[in-house]
Amino acid sequence: MTANPNIPKQADYAILIEKHKVLAFNIALKITKNQQDAEEIVQDAFVKAFGAYSGFKKESQFSTWFYRIVFNTAISSIRQKRIKTVEIDSTLTETLASNQIANTLTKLDNYDRKRLISKSLENLNELDYTILSLYYYQELSLKEISKIVDKKPNYLKVLLQRARGKLYNSLSASIKKELNELI
Amino acid sequence: MKTNDKTLIKELIASDLKPIGNPNFTLNTIERISEAEASKAANSGVKDLSILYPMAVFALLFISMTLGKALYPWLQPEPGNRLASTMEIISGFLFHPVTISILISISVLYLLDVYLKRQHA
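Read top to bottom, the protein sequences are chains A and B. Using the working numbering, count along the first sequence one by one with no gaps and you end on 183. Using the working numbering, count along the second sequence one by one with no gaps and you end on 1121.
Treat each hint with caution, since some may be false.
Said to hold, decoys possible - Over 10 Å on every C-beta distance to chain B, these chain A residues come out as not near it, computed from the model:
1) THR64
2) ARG79
3) ASP112
4) SER118
5) LEU132
6) LEU140
7) VAL158
8) ARG164
What the hints assert, rightly or not - No more than 27 Å apart at the CA atoms, straight line, and that leaves these computed lysine-lysine pairs for DSSO-like:
9) A:LYS143 / B:LYS1006
10) A:LYS33 / B:LYS1010
11) A:LYS176 / B:LYS1010
12) B:LYS1006 / A:LYS114
13) A:LYS151 / B:LYS1010
14) B:LYS1010 / A:LYS147
15) A:LYS177 / B:LYS1040
16) A:LYS21 / B:LYS1069
17) A:LYS151 / B:LYS1117
18) B:LYS1117 / A:LYS119
19) A:LYS114 / B:LYS1040
20) A:LYS21 / B:LYS1018
21) B:LYS1117 / A:LYS177
22) B:LYS1010 / A:LYS152
23) B:LYS1069 / A:LYS147
24) B:LYS1117 / A:LYS176
25) A:LYS143 / B:LYS1010
26) A:LYS19 / A:LYS33
27) B:LYS1006 / A:LYS48
28) B:LYS1006 / A:LYS152
29) A:LYS19 / B:LYS1069
30) A:LYS119 / B:LYS1040
31) B:LYS1069 / A:LYS48
32) A:LYS9 / A:LYS21
33) A:LYS19 / A:LYS9
34) A:LYS157 / B:LYS1010
35) A:LYS33 / B:LYS1117
36) B:LYS1040 / A:LYS157
37) A:LYS119 / B:LYS1010
38) A:LYS176 / B:LYS1040
39) B:LYS1117 / A:LYS19
40) A:LYS107 / B:LYS1117
Simulated from the structure, these hints should not be mistaken for lab results. The C-beta atom is built at its ideal place from N, Cα and C for all residues, glycine as well.
My request is simple: use the sequences and hints to build the entire structure.
Given below as structure tokens:
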């Protein structure tokens, strides 16, 4: 019996899967709104990406390519059954500053904080969520994200500001509502 | 971009990340990759050459025509003339525009087939 030459390669790849699976799943879930579809999309993306994995010199090149597969596959899977998301007005005037939001959130108990954050993130559309999570959570550059979501970097900058504004507006509104209910 | 924003939004997203339902997701993915790799390895040695059969027939006729033309001066007039007229018919078929177009189309299809198989491998 001969040893499988792919074993060390697959062991390395398992580390990459562990690193990227959760965010990829959440992006796909945000787009498809279906847990099974999202899991299937992420698994397919990992299988597709494996063949070319050894060709990537930097890990960032892999993540750009991998998230692009996840994003495009998820978008095309919902193209037929697109659900319209509620657009949030990003130009509300009474948005709280990030430090005010952070301070208020720390004062809330764990359950309320989670519920509030979850509700605010739910209100973002799939593109806003993808851009915010890749930029702030995955810490990819605008140039890399522009390749993933197929938007020009300058326009992406505008989209990022808008998405951040939407998130803060949604959080501010929820926080104010929560505070009013307490009073 | 303010650092506060970066920290806050990173924390917000991190706190709301949902875990994958399947606890064996990584293992299952690696298994699917192994299966895909194994089937790729099993299929890599097998090549469908049926598309190249018309090319082989063309090559065979071309070789026999060349041989016939080469032999012509060495034969007696009677079989020589018969051979010459046979070669004329064969060369008329081989270099007919329709035959040439069919061969070009087959070559392009074969190359496309090889390219697509390589892309999906």
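Report task. Any hints from earlier that this structure breaks? Give me their numbers in increasing order, please. Result -> Result: hints 4, 5, 8, 15, 16, 17, 18, 19, 21, 23, 24, 27, 29, 30, 31, 35, 36, 38, 39 and 40 break, sorted rising.
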